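*Asks:* Let the hints inform the model, and build the full structure from the sequences given.
In case you want the letters, here they are:
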Amino acid sequence: MIKYILAALMLGGIAGYLDANWATVVNSVWVSGYLLNASLMLLLFVMGVAFAMDKNSISKIRRTGPRILIVPLAIALGTILSGLVSALILGINVVATTAVSAGYGWYTLTGPLVSQIFGAKWGALGFAANFLRELLTILTVSLMVKVDKYAPTASGGATAMDTTLPIIVRYCGSDTLITAFSSGFVLSIIAPFTIMAIASLGQVPNPLFL
Amino acid sequence: MNFALLVVPLVAGMFLGYFLREKRKVNLGKATFGIILVLIFSLGFGIGSNSELLNSLPDVGLSAVVIASLAIVFSVVLVKAVKRTAGLE
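Heads up: the sequence lines are chains A and B, in that order.
Numbers 1 to 210, taken from our numbering, label the letters of the first sequence in order.
Numbers 1 to 89, taken from our numbering, label the letters of the second sequence in order.
FYI, nobody ran anything at the bench for these hints, they're computed from the structure.
One or more of the hints may lead you astray.
What the hints assert, rightly or not - Each computed DMTMM-like pair below joins lysine to aspartate or glutamate, with the alpha-carbon atoms no more than 25 Å apart: (1) LYS55/A x ASP175/A; (2) LYS55/A x GLU89/B; (3) LYS121/A x GLU52/B; (4) LYS80/B x ASP148/A.
On a predicted model such as this, the values are computed, not experimentally measured, just so you know.
*Replies:* So this is what it looks like as C-alpha cells:
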C-alpha cells in the first residue's frame, strides 16, 4: 500500500515541477488547491459515514469523552520540547527554532508567520520543517502504527485533521477518526497562538544561522 | 485553511452513516484508497510546483529534517505516556 502512496507522491511532485518549470498545462492551484480540497472533503465525508456505521467507534468515544483533549496537549508539549532540543543540537536560535516547531506540521501557516517575525530564512525553515513533518508522517505510517495505534496521530500533529487523516484512519482503524481529527483540530487552533507566544519570548540576536 | 470545509463533510457523512447503520455493511475500502492516492498526488503537485520551497531546501533541509524528526519522536513518546490518562485503551 505504501508503495502506491509513494508513487502517487512522486508522480505528483514531478508533474507539479514540470508544470511550474517546463510547460504549464494546468494552473497549479487547480491541482494543489481545488483537487486537493475536493478529494479531502470527499474522504472526510466517507470517513464520517464509516465511523458512524461502526458502533464500537462511537461507544469508544463516549467512554473517552473530553479526556481526549489530553492527546493534542501532549503533542503540543512534546513538540515544543523537541524545538528546544533541536535548537541545542543544531546550535541555532532557541526561540526561533521552537516557534518553527510550534506549527505542528501546518506549513502554510508557519512559513509565512515565522517569516514575518524572524525573517525570510526562518520562514523557509518553518515551511520546510513542517512540510517534512507531514511527509514523514505519510511515509512512516505503516511503521509508526506498530509502535502505537495513536503514534501516527501524534506524528501528524495539526495535519491529523486534514491531509494525513485519511491515511491515519486507513492504517489505525475507523475508531481513531475522532481522536485524530480532534487532535489535529485543537493543534491547528493553538498553532498561531503558540508560535506568537514563543516568538514574544525573545528576539533573534543572530539572524545568521546554519 | 477553512475549518468549515473540513467539518461540514465530516459531520454530513456521520449523519448519513448513523442512518445507514441498520442497513447492510458497505465496504468503501477500495474507492477510498483511490481518493487517497488523488489526495497524495495533489499534495506532491503542490510541493513540486512550489519553486520557493524547492530552492530553500538545500539551505534549510538538514535543519528541517532534524526539527521534523524530533518533533515526531517527542510527540509520539508523550502521547504514549498520557494514553491511559486520556482513556485510550
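*Asks:* Hint by hint, which ones does the structure fall short of?
*Replies:* none
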